[in-house]
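Take each chain as given, in its own frame, and dock them per the hints.
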Amino acid sequence: MSRISQPSAPRTLFAAAIAVAATLTACSAPGDSDKSGSSDSGPIKIAVVDARSGQLSSLGGWEYKGAKLAVDEWNKKGGINGRKIELKSFDDQGDPTTGTNLARKISSEHYIAMIGTAESAVTIAMAPVLKQAGIPNITSGQSDGLVALKSEFLFLNGPTSTTYDSTLTKHLIQDKGYKKIAMITNNGSYGTGEHDAFTKAVKDLGVTPVTDQVVTTDQKEFSAALTKIRAKKPQVVFIGSEEVEAGLIVKQARDLGITVPFAGAAPQGTPVFTETAGKEAAEGTIVSSPYLGNDVSPAAQKFAAAYKAAYGEDAELHGAKAYDGTSILLTALKNSKVATGKKLADAIRATRYDGLLGQFQYGADGVGITRTSIGVIKSGALVAQN
Amino acid sequence: MQDTLQTLVSGLSLGAVYALVAMGFSLVYRTMGLVNFAHADIAMIGAYAASTFYLTSKLPFAVAMVTAIVVTGAIGLVIERVLRPLENKDFDLMLIGTIGFGIVLQAVAVLIWGTTGRAVPSPLHSAPLNILGIRVRTYDLLVMAVAAIAVVALALFLSRTKRGAAMQAVAMDHEAATAVGIDVGRSNALAFAIGAGLAALAGGLVGPMLYVDASLGGALGIKGFAAAMLGGFGSIQGAVVGGIAIGVLDSYAAGHFQGYSVLVTFLVFTVAIMIRPTGIFGERTVSRA
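As given, the protein sequences belong to chains C and F, one line each in that order. Sequential numbering from 1 applies to the first sequence in the working numbering. Sequential numbering from 1001 applies to the second sequence in the working numbering.
Excised from the complex, chain F in its bound form (with noise of 0.2 Å):
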């Protein structure tokens, strides 16, 4: 029992990572009809550069965090920028557009930051907390208290502004939006440095968990785009359903499965998909190709 639990708590705190990196996904794909595929590298570079801000710099881990974020946002405004004069004409290019962006992105931090990661230390120092004998490190409860934060902030964001109401719009129906004022363009542009900004925070919080390298993108990637299936593409309550669901399945995995948890991830994952193609939450409304 305390060791179903113990998986479970390591489990929450990486899928609420997954999470964000899952959101990303899903807001990109909720107004553009596109999936960013750099977006995983641009959460290694939000790791990158948080660890950098954090480390060589030395500033306050909140601060570093904060730079990374507005770094990636930049990131994510220039590459929105390069793919702008495709939108509505050529969407397969714009695909191959983002791999080779995150393609680019590898070759850059290779460049800046060589070729041997990083590990980072926690940025709290308290000990783990024992909770009738589970240990839960005080740096988890901090990335899921901060994803929660931010999937509140987004959804707000979403519902409850203008601009949020507008990119909803454009998601819906952009010609209809385009003839009631709404910039396209720049709708496209918030959503890219949103969901740039998002892969940062879900880079840099989990550089004191894993390990930062050029490959770092790869490994979030692949569990943050599941988890965006499962829960239903586009869809911001799907994406933190299906993060927390990739992350405690491969926890359990990990235990049960050993030297095959990822196979065993990726097989349950694979049937869920089959039996619900669409996702937890999925609904096929955006289709702008």
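Pulled out of the complex, with its shape left as it was, chain C reads as follows (with noise of 0.2 Å):
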């Protein structure tokens, strides 16, 4: 081994290794080409865009599933007019400039739906797209900005967070009797829809929260907005993040004396949120949600049994939400002989479901469902409010 020979050795091991990271790093981009062009025979194809990495992919998982187990369900059935329907999945990152790269893509590739994405900031990123190419989202995103698009291809799978909220300051204020209220939001899109919708509804009733604390999406130390909180000793703690950093910072108020019970919508309700903060901690939480657990009817339990066989774990909201907006796109496309474009949009529009979640009946700003139930989370699981 003389040195001398030695530099393009080296050099081809970085070129090696700077290729196996940009491979590795790209490996989850879907690279296949298209191949059916035509929407009159094949199947029928449906993309489901969430994200698939990163924090995020609890969340994109549970769609996932939810999705596959409604596609299957009516492909065992035979498909839509002799059709197969094909779901394929892709990953957006939890980032709204991947999901833009991706509506291109999925409109390119003559995909004639999109479940997803369940990440507001995301599903507003590529509403433009889709709406140029003609192509129907139902989204599980929830913030009012969504419905603010007035994209008549858009569709959500549950409800806005001014009906999460304005249910949960319902019950917080006249139910419990709370005047003084802590809020604690980030400032990602969901956060911000989360901090704007709970704010108006609190001051509907005449309450004015006693401190408002804004963190970031990436933040993972929250000691010194708790600090503020547990200052005003507040009698409840509303919460606007996704489950994971809400997680975070009920771990983090236990351990700073915060001891009175958090407030918040669908990510409180999740099992990763409870394995998050701990079962101690996360113990008492309050949840506004349309989807309370797997017990609370007999298609909630024919759902959650499916999904169990499927998948060997317990369903929960947001693949329920999914199994709801992919069922509704199913039955669209069947009343509409596999119609695209305004036409599935118009179908869907037209769709009356009885879901998991409740009855759905699409407005003209593509919001179905405007209820939700409160739930409290014991021993680590969330139950229905008694």
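No lab work stands behind these hints, which were simulated from the structure alone. You may find that some hints are simply not true.
Unchecked claim - Straight-line alpha carbon distances no greater than 20 Å define the calculated DMTMM-like cross-link-like pairs of lysine to aspartate or glutamate that follow:
(1) K302/C with D72/C
(2) K302/C with E313/C
(3) K1058/F with E275/C
(4) K334/C with D354/C
(5) K233/C with D1003/F
(6) K232/C with D1003/F
(7) K334/C with D72/C
Keep in mind that this is a model prediction, so the values were computed, not measured.
See below:
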């Protein structure tokens, strides 16, 4: 091994290392080219776009599982008009820019509809491209910003933040009699939506939050905000952030000696939230949710059993939402004899569907459901409030 | 007043972790004149490894930490071995190489541990101490103690042992060091291994405070790097002062500027660096390019 002849070896090695890195980071991007351009024959192509990597990947995983369950059931019954339904998952990494690129991709590859994303920010970023391409999108996002887009191709598979939070504030203020409410939200799309919706909902009931703390979406340490909250001695703390961050906030709040319950919307009802916070810390969290568990109705029990059989884990809200959204899309496809574009969007709007989350009936704003219920976390599980 | 002290306490514990990260950066820079951009991702691997040994293999926390340090120390050795032929030949390629290694480590973490991170419960189960209304987590005290021990041990190693002295000599003048019979390669390897071990120590300790996922390196790295710069790159006491300064600054910024806290932290940092480009303890002695 002479030293002089070496430099080329490490160069190759670096080139290889960087190439490997590039391949590994890029391997989640689907490389399939378009097979069938026609929409009249062959499989019906539906895209599921969600975060499949990163901090929001559990959300994406649940949504994909819910959507796939619905598609598998329909395929087992023979598909639609004799055509199989083909579901393909795309990873947006929870990133709006990646999402926009994916929107162009699914448009150029002739997907006729899209399920997802679970992230309002990504959905909002993708919406203009999908609208232009005429691809109906059923999202799990709940930000009121989605409604503000006024896209006739955008549908929500659950309630908006306004619905979640007005139900929640009614419970906190009218049922529980809380007057001193602290807020902590993040400055992401979801958190901002929750912040605005909750602030308006409490003000409508004549209460002003004692403190309003805003954190960033990638923050992991919340002592400063929590110290301010503790100083105000609130009776309840409203939390507007995604699963993991909310879990960390509650975990650290307990360490700082904040003993009052936390209250929030869908993310606080998930197992990821409870695991991150720790069972003890999460106990007593008040949750506003359209899906309070797998035992609330016979339909939910059937769904939960199928979910458990397929994936070996318990179903939760996001899987149920995606299942409902996908079922609505498939029903609309069947009713419209596999229409595309504007016709398919109209068919979705015309669909009446009795789902796991309730009775869906879409208005012009793309919202199909406007009610949630109140649940509480007891022994690590979300149960209905008595 | 109580709030101010509470914020200070929280800032100190994270500051101790940033100090450990900064020390790893500084040690490698001091001996090789190289900024190891893979350092933060080694810390992330260390955090994952420690949490895996602790939660999945059910080892006691201390044992899990030591095992993680050994694992990352080995990774440090591998990186140094790959970079060694470039030493004193192609400095830019060495820098790019460390960036490449960082990306590879992130990809490897996703392959091994998947995309979803994990929350690590605190290994200490005692309730937080209550000192005049200020809550101090027992785990935070542990982190600060371990960081302090690491600082003292490293300082002693560099100043009191033969090998440490040799590393200092290599840092000052590697040609003269070679002339008196010091193995520069071995000295560099040791610096890389200790640096990687410090990264694992920081990552493993921070696991129960934050959340372990593939992006952890980004969060630790940028603050650790800033801490090293602020203290003076290459200086061990600078790393400690810089780490604590960044931790406390970050904590107060979060309290006062909420969503804009990161921006404020780095604005203050930028101003400080403009006023004193070499950092608090900085002296530009190392230049091996």
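Quick rundown of the hints versus the structure:
For the given pair, K302/C sits about 15 Å from D72/C by alpha-carbon distance, which is consistent with the 20 Å threshold. Among the hinted pairs, K302/C with E313/C is consistent with the structure: their alpha-carbon atoms are about 14 Å apart, no more than 20 Å. Taking the CA atoms of K1058/F and E275/C, the gap is near 18 Å; set against the 20 Å cutoff, the hint holds. Proposed proximity of K334/C and D354/C is supported: the alpha carbons are some 16 Å apart, at most 20 Å.
As the CA atoms of K233/C and D1003/F are separated by approximately 13 Å, the hinted pair is consistent with the 20 Å bound. A hinted pair counts as satisfied when its Cα atoms are at most 20 Å apart, and K232/C with D1003/F qualifies at roughly 11 Å. Our distance criterion of 20 Å between C-alpha atoms is met by K334/C and D72/C, whose separation comes to about 15 Å.
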